[in-house]
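A.B. asks: Quick mapping for you: the protein sequence lines, in order, are chains F and X. Mind the numbering: the first sequence is residues 0 to 229 in numbering that gives the first Met the number 0, read in order. Mind the numbering: the second sequence is residues 0 to 202 in numbering that gives the first Met the number 0, read in order.
These are calculated hints, taken from the structure and not from any lab test. Hints may contain errors.
As the list claims (entries may be wrong) - The calculated label-pair distances, taken between Cβ atoms and stated as ranges, are:
id : chain 1 : residue 1 : chain 2 : residue 2 : range
1  : F       : Ser44     : X       : His193    : 18 to 28 Å
2  : F       : Asp177    : X       : Ser169    : 51 to 61 Å
3  : F       : Tyr15     : X       : Asn29     : 31 to 41 Å
4  : F       : Glu224    : X       : Val82     : 57 to 67 Å
5  : X       : Asn29     : F       : Leu76     : 31 to 41 Å
6  : F       : Lys225    : X       : Ile25     : 49 to 59 Å
7  : X       : Ile25     : F       : Lys128    : 22 to 32 Å
8  : X       : Tyr184    : F       : Pro100    : 16 to 26 Å
9  : X       : Tyr96     : F       : Ser44     : 20 to 30 Å
10 : F       : Lys193    : X       : Asn29     : 44 to 54 Å
11 : X       : Tyr184    : F       : Lys225    : 46 to 56 Å
12 : X       : Tyr200    : F       : Ser44     : 10 to 20 Å
13 : F       : Lys128    : X       : Phe77     : 51 to 61 Å
Claimed, not checked - Just so you have them, the derived chain X footprint on chain F, three or more residues with Cβ under 8 Å:
id : region
14 : 52-58
15 : 94-100
Said to hold, decoys possible - Negatives, chain F to chain X, calculated, CB over 12 Å:
id : residue
16 : Glu7
17 : Ala12
18 : Ser132
19 : Gly136
20 : Glu137
21 : Ala148
Here a beta-carbon is modelled for each residue, glycine too, at the ideal position from N, C-alpha and C.
What follows is each chain in one-letter form.
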Amino acid sequence: MSFDTIIEMEDLARHYEMGGVTIKALDGVDIEIGRGEYVSIVGPSGSGKTTLFNMVGGLDRPTRGRVYIDGVDISKLDAYELAWLRCRKIGYIFQTFNLIPVLTAVENVALPTVFAGVPRNEGLKKAEKILTSVGLGERLHHRPLELSAGQQQRVAMARAMANDPAIILADEPTGNLDLNTGMEIIDLLHGLNKTQGMTLVAATHDLKMIKASDRIVWMRDGKIEKIERG
Amino acid sequence: MSGRETERRIRFTLGDALRLGYEYIIRRKNRAIINIAAIALGIAFLSTLLMTDALYRAYALAGGDRLGVETYQYWLMFVALIVSVVGITNAMLIAVYERYREIGTMKCIGAMDRHILLLFLVESFIQGVVGGAAGYIIGLGAAILSTGFGIGFDVILFVPVTDSLGLLASSMVLSTILSVGATLYPAFRAAKLHPVEALSYEL
Ligand SMILES: Nc1ncnc2c1ncn2[C@@H]1O[C@H](COP(=O)(O)OP(=O)(O)O)[C@@H](O)[C@H]1O
Ligand SMILES: [Mg+2]
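Could you put together the complete structure from these sequences and hints?
C.D. replies: So this is what it looks like as structure tokens:
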């Protein structure tokens, strides 16, 4: 299979200074990810997976190196363009779901469409449709605390998809879920990747997650240890 | 990719902020009630004094003795208003800490600094309006009771309509300004939060 490149990292590094000690959370990562590809990032806790996501997602600035998304160096984006990137181009899924507790499922999913300037009714309709497609059609007006962990993560997935992003970044999406619920989330994500062609980059230290991926990137101590074909 | 992405705009209108701010107030009532009570108390103090003074003046015009509000009471009112402002600033700072993760999340889905700022200011605006109205009503009642026991309840007949409406308007304006002003610093803190720090914050 061949893909044109959507994400490119070039000598990407992020160091933290902690009381005179330099922690190399990420230390020179080079990788190209193709459009529509499903890449799993695997590595022990502390190997730099979350740091890598923060860089690619435009949430933090690297100490060294560059990230290109669709050929654009994201360090060159201004605040507007960065917000646009986070809103429209990338969907984030977190281990801790991070839903807005005061909003219902459908309002949570519609929130990114608000920032994207989609008219309210249209956004809510779309949110309803996506939630139904992840099996939560009966839970539209529940608030996060009224949902199980697996349901909350499905709401978070639906929210990540709300603006049809080209890229989904999932940071240990099954880390807080039991085996079966975790598998359901993985199947849903994989299905999205295949049917909608969304580029999926998922971090995990959960080996059952990586089966379906096109490539597996093994990380250790902020570096890529090896890359395998799935 | 889809060609509809050409319009690179991020939006968060006043209406969006009002809708979201309203949800936060309704769903986190306790926090909102503390703020509303803080502002209402200060405003109640103010409107009690000003209304009492207006009643005394009306009473004097109707031929009664000239009574007055003591200067020290105005100082007390001033202190009460300062205490309200400090209380609100404190409560809003705590609200920012409680919402670290949510602020981080909102930044991940497209919110810009000024949208977070707007959201917090809109919340304090709503609280200021409600607190101002509540404080005014409490103050009006207190003024009528205290003057009523002093110079008789016919005083109600003297309630000066224009004065009391003017006082309502100034109570609302003042409480809104104080509430929004007290929230400026916490709201700036929230807006400037770095998304990664906000997301990794554990309560
Ligand atoms: N804000 C920070 N300050 C200091 N060190 C950090 C910070 N964030 C992450 N680190 C360190 O960077 C390394 C990589 O962390 P992280 O990217 O979270 O790993 P992973 O997601 O693979 O568990 C760890 O050693 C971690 O302690
Ligand atoms: Mg991590």
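A.B. asks: Does each hint hold? Answer for all of them.
C.D. replies: Status of each hint after checking the structure:
At about 22 Å, the beta-carbon gap between Ser44 (chain F) and His193 (chain X) stays in the expected band of 18 to 28 Å. Range check, Asp177 (chain F) to Ser169 (chain X): Cβ separation about 59 Å, and the 51 to 61 Å hint holds. Distance hint check for Tyr15 (chain F) and Asn29 (chain X): the Cβ-Cβ separation is about 37 Å, which falls inside the suggested range of 31 to 41 Å. Look at Glu224 (chain F) against Val82 (chain X): about 60 Å separates their beta carbons, and that is inside 57 to 67 Å.
At about 40 Å, the CB distance of Asn29 (chain X) to Leu76 (chain F) agrees with the hint of 31 to 41 Å. Taking 49 to 59 Å as the suggested C-beta distance range, the pair Lys225 (chain F) and Ile25 (chain X) conforms, at roughly 52 Å. The beta-carbon spacing between Ile25 (chain X) and Lys128 (chain F), approximately 27 Å, falls within the hinted interval of 22 to 32 Å. Against the hinted window of 16 to 26 Å, the Cβ-Cβ separation of Tyr184 (chain X) and Pro100 (chain F) comes to about 25 Å, which satisfies the hint.
Taking 20 to 30 Å as the suggested C-beta distance range, the pair Tyr96 (chain X) and Ser44 (chain F) conforms, at roughly 26 Å. Checking the proposed 44 to 54 Å range against Lys193 (chain F) and Asn29 (chain X) shows it holds: the Cβ atoms sit about 46 Å from each other. Our hint of 46 to 56 Å for Tyr184 (chain X) and Lys225 (chain F) holds, since their Cβ atoms are close to 50 Å apart. In this structure the supplied range 10 to 20 Å holds for Tyr200 (chain X) paired with Ser44 (chain F), their Cβ-Cβ distance being about 19 Å.
Under the hint 51 to 61 Å, the C-beta atoms of Lys128 (chain F) and Phe77 (chain X), about 56 Å apart, fit the expected range. For the region 52-58 of chain F, the stated coverage by chain X holds: 3 residues have a C-beta nearer than 8 Å to a C-beta of that chain, and at least 3 were required. With 5 residues having a beta carbon nearer than 8 Å to a beta carbon of chain X, the region 94-100 of chain F meets the requirement of three or more and the stated coverage holds. Here Glu7 (chain F) stays apart from chain X, with its beta-carbon at least about 16 Å from theirs, past the 12 Å limit.
The beta carbon of Ala12 (chain F) sits about 16 Å from the closest Cβ of chain X, which is more than 12 Å, so the claim that it is off the interface holds. Separation of Ser132 (chain F) from chain X is adequate, the least Cβ-Cβ distance of about 18 Å exceeding the 12 Å criterion. With a closest Cβ-Cβ approach of about 22 Å to chain X, Gly136 (chain F) is found to remain outside the 12 Å limit, as its non-interface label requires. No Cβ of chain X comes within 12 Å of the Cβ of Glu137 (chain F); the nearest lies about 22 Å off, and the non-interface call holds.
With a least CB separation of 16 Å from chain X, Ala148 (chain F) remains clear of the 12 Å interface cut-off, as annotated.
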